[in-house]
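Start from the sequences, fold in the hints, and give me the full structure.
Listed below are the residues making up each chain.
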Amino acid sequence: MRIKQRFVFVFLICGLSSMAPSMSNVAEYPSLQLEKLRSGEAYQPMKLEEFNRLLQQFKSFSAATSQGFESKFYQPQFIAADKAVQIYLSEQALGWGQIAFNQKGQQNLFIQAPHRFFDQYTGHIVDSWWQSGKLGWVFMNSVNRYLGKNLADTLDSDFSSAEPNPLVAVSTGYLASHNNGLIIQVHGFNSEKRSSVFGKKADFIISHGQKGLIKPTTISNNLKQCLNNKLNALSYIFPNEVNELGATKSQTSRALAQRYQHYIHIEISDSMRYRLMNNPEDNQLMLDCILQLTSQE
Amino acid sequence: MIRFIWRFLFLVIALSILGSIVQLISSSRLLSKTSGNYSGEYERTKVYWLTADQPLMFEIPSNTAKLRLAFNQIISDKAQSKPSTVQWRLGDRTGEWVMPASNAKDLEDPIDLRRFFGEVESLPATSTANFVIEPNLKFGNNLEISLRGDSNKLAIRLYMLEQRSAKDAQLEWIRMSKEQQQEVMEGHIYPPDLIPFDERIHRLSYGWKAIGPLGEEGKEFDSTWLFIRSQNTGFAEATNNAVDPRKLLSSNDAYTFFSSDEDAYHSFSCVPVDAAALSSQLAVRFKHSKALTTSDWKFNLERNEQWELPIKHGLYEITTSSTCELKFFNRNNQPLDNPINTRTAWGLSLFSPVIYNLEPVKSAFRVIRVDARKLISSKTGEFEKINWSARDENNNVLLNDAIFLRNDNNPYERLLFAADHLTITDVTRVYLILPAKTTKLVFTSNRAQALLNVYSRPFELAYRQNPSSQWWATNDPLALKWFSLKPFNDQNNKAKAFNIQWTRPFPEESEKRSSPLERFVALNTQKRLAKFELIEPVQVEEQTEASSLIYNAVPKNGHIIFADAKDRMIISPSMLFFRTAKEPVDVVILADNKPLLKKRIAGTSGKLLLPNMKVGNKQLTIKHTATESIEWFINFTQPTNSSLNLRTREAYSVEKEIVFSVAKSNQSEWLGILYNSLVTDRAMQPVSLTIELLAQHQLGQYDRHTIPIQKFDWNPLERNDRFRVLNRSRDQLSETIKFGFWLGDDIAPGNYLIRLSLNEQQSGYVSIGYLQEGLERKVSRYNEVLDDEN
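In order, the protein sequences belong to chains A and B.
In this text, residue positions in the first sequence follow my numbering: the first is 8, and each later residue adds one.
In this text, residue positions in the second sequence follow my numbering: the first is 245, and each later residue adds one.
Keep in mind that the hints were calculated from the coordinates and are not lab data.
Note that the Cβ used here is the ideal one computed from N, Cα and C, for glycine as well.
Pairs of lysine-lysine, DSS-like flavour, derived with a Cα cap of 27 Å:
(1) B:K800 - B:K826
(2) A:K237 - B:K738
(3) B:K681 - B:K606
(4) B:K955 - B:K775
(5) A:K90 - A:K66
(6) B:K453 - B:K571
(7) B:K684 - A:K208
(8) A:K237 - B:K684
(9) A:K222 - A:K237
(10) B:K681 - A:K237
(11) B:K453 - B:K463
(12) B:K290 - B:K453
(13) B:K810 - B:K851
(14) A:K207 - B:K684
(15) B:K730 - A:K237
(16) B:K740 - A:K237
(17) B:K862 - B:K843
(18) A:K208 - B:K681
(19) B:K730 - B:K606
(20) B:K982 - B:K851
(21) B:K843 - B:K775
(22) A:K208 - B:K740
(23) A:K141 - A:K66
(24) B:K982 - B:K900
(25) B:K838 - B:K858
(26) A:K237 - A:K141
(27) B:K955 - B:K606
Listed below are several chain B residues computed to face chain A (Cβ distance under 10 Å; list not exhaustive):
(28) K629
(29) S633
(30) D645
(31) A646
In structure tokens form, the structure reads like this:
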């Protein structure tokens, strides 16, 4: 016979399951997150003389950071008292992105997320790397790449295709002052839209932005091995293992063609971005793989 | 201080007095249950009278999974009474039940005299009719029951099936005494301490509970007691013996289970819960996979019959015409828990990778089978994959790939003990050929949630089975012995186990056994082998067309019609002869009285090639000098199923072993191997035939796995004089044994050697065929579970 009993229990739940995150890092490295669009935000196409000016300005800033970044195109967003951490945001009317510098971080590494709004989570991923204090240089866009596409006179706000553009100016300026520098651009792709089997499978597609590379470089191979080992990911190297998403048409790739070994373009699948966003440990593992590249040199 | 002590003492005394009063009341209530006018063999239940002018309203609690209404009526003395119609409304749903008229004849049957209203042996009641409603409480939770005007009054009880959360059930279990736990788990083979957590929680999660009607203040319901004999009263009569919802088998479902030799399951019963079964008898259909027979039983509502399972080992399927409660019993008629086929799978999600540690192997590589099922929740998308990597002892990736998960639903599997919104997809199965030095297999997922089963099998383990004369019957590569692996667990890494309940369709429903067309090939052998022509009798169907392969007996009147399936006008027919004597004889064959062929034949069998001829009617005359009769067969004539039809095929003689090469041209390909044992005068011996593929497997992930060594054992069937080898009078053959050999996608297209070897003292004839393109076998997807080692 089944006995029915009802017991009333009072539970005292000590709900301290998650500890509050340490706030010290947050204070030291303010978040680079931006609202999708600030009011009055726009993208102003760059003139050639502006490109040259920005190139020079960034070259001198990256060579001597203590002087600060003196450019009428960018406004300081955050400057630490000892100038060890500096964040600059472009004038609202220009929409030329955000630049962050950290003296304690890896100086030979320049992380860029030029499609942070459209390539979902890339902004979050790079921001969390930045907040770990291990990055020396960061660049992110400040307006969506498709801003202005709907205008009567179509406006190209995309740093990959607009010519000339502030990303190329900053990248070339940086490499001019850092001979051993490594630029890593972080992008995102949709697996379902890929045409090749490997493209569909891939979590990461690693490229130097160049078509004609006969075999993978050591640096791209190292990155691939590390990502595969640590994240159990499927990484493929363009053009040797996968024949799409090589960023060969990107303006940065074209500008840095001579120094392609110093430029890596990483495409991250949507599901992997979801994982990195939701799993901070894995996000740190990816950062470790990236930091390893420059520490080896 | 003293005042405080006095107050405290007063409180204690007052409480103890109150306690004893409560005890007195409760014990007197208890007494009233056992004393009185009825003995212990009756149980009583409160019932409410439902009359035409008094509808009843019930408030249904929100945690109700099912509602069961039980009705009884007074057995009328009158020979003819009317059926009653009950109408119900729950939210916006309405319905109607018709209660059959009570029959005065019931009174004559003493067995049925076991229910009474009011007092025992006072007012006889009919047997109970049950109705089950599955409430959808979104649109209102009041159940209104009314009786149509001209109906007899009915006694009604309402029970709700309370569905409680696992947490509540767990708390209840913890709070129970040992005795109470034992009582709850009565009939279980294990003591309460050893019963698995899930099982006891599940049993406590459901329970039937009586509900009283809603009424106005001060208004009393017209109610009475229903007395039911507690012995052999059946499930529906007493609240404590109510229907177990997990045992209900509806007419839409089929209950499939494996019965093994070790099981205690001896018999089963299926008692209907729906009174509708009264009007039409309940039919239970019962099938067994090995016997391939179907039995039907029909029985009445009140009979609680049990049927013995006729064969111990095998797959059973039970279906029913109306919902009934399925119960299983052991040899001593004690109830057992229903057999459930479950498989444990390990959960893979974003935060919990699943890792398998692999033991080193001696072979060059190892084979792993992965069965993945996608766990569908609200967050999942269509296009999802999981990653795997094979790693060495330094945790470096040796090989990696992704498995895209299927989205199809599998109606034969469901998750046990899981939240309702979680469902699983059909299994995605891949085979991994991994380097031998793999020590770890790691599965991760970026977003998809999946359930994993990983199996291994020693690469050189021969695949041993009994072949059948049926082409596809047993040659299923999935029926291999695979060994289930358990994931590596430690404090940081703990894969969550899920239980999947599975049933499977019967082979005849899931498999389309299209008989494939054999495309026989000339074997490319290392040694030059003699080719023979083998004759076997075939059953022709009405539609069979005239062809060069099928030979028909020449009719006695000699009238034949030449035709050709390919619609050629000119054909090259041939004739076969069989006779007993060996001496040479002269034969003249005439067509329409014109000489066609003149030949001297020798031996007991042979083939004569006729000159090219036009299709159409011919009058064939065969003249010979032999004293005994000769059997004649000819091809290119329309076969008739009344006459004996023969078929020829090319075969090679095998003694000990032969090695031959096959060309694999497709991604995966079936080889069909036909074998006839040579029958000698010695006693028939069991045959053991081994097929070994001499090919290099490729590392990676594949859909089909090639089993390189397969061993077939069987006892040759009796010799059949109709299986013969042309021009070899002494060779008598056993019947043809057919088996298949898969060349999976783990072997690249190309030419491969296959070694076919026999056990000692055996010899025979073998033909190799390819499965013709475009015809693929639909393999039952659920066969592997027989060998699960979970």
